[in-house]
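Participant: The primary structure of each chain is shown beneath.
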Amino acid sequence: MDLFEYQGKQYFARYDIPVSKGDVAVTVDQAVAAADAAGYPVVVKAQVQVGGRGKAGGIKLANNADEVRTHAGNILGMDIKGHVVKRVWVENASDIAEEYYASFTLDRGAKKHLLMLSREGGVEIEEVAEKNPAAILMLHIDPVDGLSAAAAKKAAVDAKIPDAAQQGVADILVKLYRCFVEGDCDLAEINPLILKPTGEVHALDAKVSLDENAEFRHPEWAEFQATVELDARELLAREKGLQYIGLDGTVGIIANGAGLAMSTLDVVNQVGGSAANFLDIGGGANADVMAGALEVINSDKNVKSIFINIFGGITRGDEVAKGIVEALGRVDLRAPIVIRLDGTNATEGRDILKNAGIPESKLTSKSTMLEAAEAAVALAK
Amino acid sequence: MAIFVDQNTKVIVQGLTGGQGKYHGLRNKAYGTQIVAGVTPGKGGTDVEGVPVYNSVAEAVKATGATASFVTVPPKAASAAILEAAAAGITFIVCITEGIPAQDEARTYNTLVRDFPKVRLLGPNCPGIISPGKCNIGITAGEIAQLPTAKGPNVGIVSRSGTLTYQALYELKQLGIGVSTCVGIGGDPVPGTSFIDCLREFQADPETHAIIMIGEIGGSAEEEAAEFIKANVTKPMSAYIAGVTAPAGKKMGHAGAIVSGGKGTAQGKMDALRDAGVKVGNNPTEAGQLMATIVAGLS
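Chains G and U supply the protein sequences, listed in that same order.
Letter by letter, the first sequence follows residues 1141 to 1521 of the numbering used here.
Letter by letter, the second sequence follows residues 511 to 809 of the numbering used here.
For the record, the hints were derived by calculation from the structure and aren't laboratory data.
Note that the structure is predicted; figures quoted are calculated from it, not measured.
Positions of the beta carbon are idealized from the N, C-alpha and C atoms, including for glycine.
There could be a bad hint or two in this list.
Stated by the list, open to error - If the Cβ cut is set under 7 angstroms, some of the chain U residues that face chain G in the computed set are: (1) A616; (2) Y619; (3) T621; (4) Q677; (5) Y680; (6) Q684; (7) P699; (8) A752; (9) G753; (10) N792; (11) N793.
The shape of chain G in the complex, shown without the other chains (with noise of 0.2 angstroms):
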């Protein structure tokens, strides 16, 4: 789960990393009550979760009230890439002497945490890592050990942090680490992680990405649950627990199994169609789920045809096809039905479909995945 900036520098906030005062805002007058409370100059800076928004004019400097006024006016509502912004986040400006980056993720490669940092902030970092890779210090650190304050020191004199910034520097990422694995973040990224006049050191921006596995204790990330952005579709498969991406083809996918569903979509372009959604039904899927997984096929107006793909290993064919049948009666589907059956007694689910007395102009049985998704990318043409 991706957070916004705003709600990645109150994750930060958690963890005693330093952070400007400011607040977040949904329309002007609360924009500017947060100025007010922050203490002017400011900076208004639209919460998207894309990149290039200062660019977009997303971020802008305010004086006084009335600027903040005019900015929060123009950038709520503002169309940055495709994504509308709702959300402002409205703090008190900072000098800048220097910008640095600092971020901890999970090396799957080696297994490891890995740390990077730069002395050269405030750009993407895969800029700096292409242009002069040997400006961004790599660090793995074993999870098991962590990270102690004086390997963090270490880090940021064999990053050449200035002198005056080290300490601040090395404070901070003993901080940001315990954020990322007491905080179950996949990602936890400063950039930039500013040098004030003043000899401070400051996260001036938050980029936190959240291991949903590990939602069970962290109790407090149920209000970052609430502004995440799904479509209608994404909504509607959350209710019912299903594993559902929403994508822009025509035909509907249904398939048990993430690597299943993921080749269902793949076979589906192979033979000139679109998949209009990813949807994951999962081991066991009994009526209930299939009938809830049609249903939020049966939402999407794009879909012209679905096809569903089982493979029974754990999952049996009957037990499948006695679900679509229930499920059948249970939602009136726009679209056409195709179905590959196969595995664990797929013959006796065939015959469960054959006897149900569907007419085939409403579902079709074919025996391979991809005779199937031939026959579903033409009905849905």
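Since chain G is already given, all that's left is putting chain U on it; use the hints.
Facilitator: The following block gives chain U in isolation, referenced to the frame of chain G:
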């Protein structure tokens, strides 16, 4: 021969008294796997359809001489269960649990590497391992696996995805090709066993004559495997990578399956494997057919 597990492997099930543990543990036993004990704290002294249950892994190991464990406990308890098994002398741990936080996985993996270097963890979030006719630990339906033949050729399977593992087994069964061992390494960010670990074993296993590898988007495990194959694997291989059409930045079900920052794309992985001499299919069936051609050339 087979890799990692065979007919002599004695297995305990951690969580045998739970719904999943009981269902799959007994299914594995019915397949012929030596399921010798279950472990559930507080339920020692009872049994599950004749399989004795102990309070701790240490007690179960002492009583049965088991060397492998099947971990089927919920995400919150999985890390502790894995480390308990390692401390009690278990050397092969299969964890099917889905939804373990990545930080827990990273810590558990590195603890194993440091304190129990001889222990192999398979998973978490994996379908398990089957050496057809000999041993099945996990959730794979044993009947879809074709038995290997004494003279071969037999195929080894290694896969990151659960259902695509079954799909691969099924494709080979349809083609009548025997399987030496099929390993599902799981789709999580920190898998205990990598493609490379399995490829090394398959290369050394005299009963394995060819290898199918099934990967998916995200991470760099397939690229690393390609490098390894180039340098170390002489047995012929076919492969399939799921997620060619996956949009960037969206997690496709598995915690590990995500294309981010232009990395981890299916195309990059397929190119790397082709460059290493692996025949790459555009879908699982094609990978199976490519293997059939390879096998026909071997026998």
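Participant: Each hint should be assessed against the structure and marked as holding or not.
Facilitator: Status of the hints after comparison with the structure:
1. A616: 4 angstroms, holds
2. Y619: 6 angstroms, holds
3. T621: Interface hint status for U:T621: holds (6 angstroms vs cutoff 7 angstroms).
4. Q677: Given a least distance of 5 angstroms, the restraint on U:Q677 holds.
5. Y680: Holds, because the Cβ-Cβ distance from U:Y680 to chain G comes to roughly 6 angstroms (cut-off 7 angstroms).
6. Q684: 9 angstroms, violated
7. P699: 5 angstroms, holds
8. A752: 4 angstroms, holds
9. G753: Constraint on U:G753 satisfied, holds at 4 angstroms.
10. N792: Status holds, d = 6 angstroms.
11. N793: This hint holds: U:N793 lies near chain G, its Cβ roughly 5 angstroms from the closest one there, short of 7 angstroms.
Checked against the numbered hints above, the structure breaks only hint 6 and satisfies the rest.
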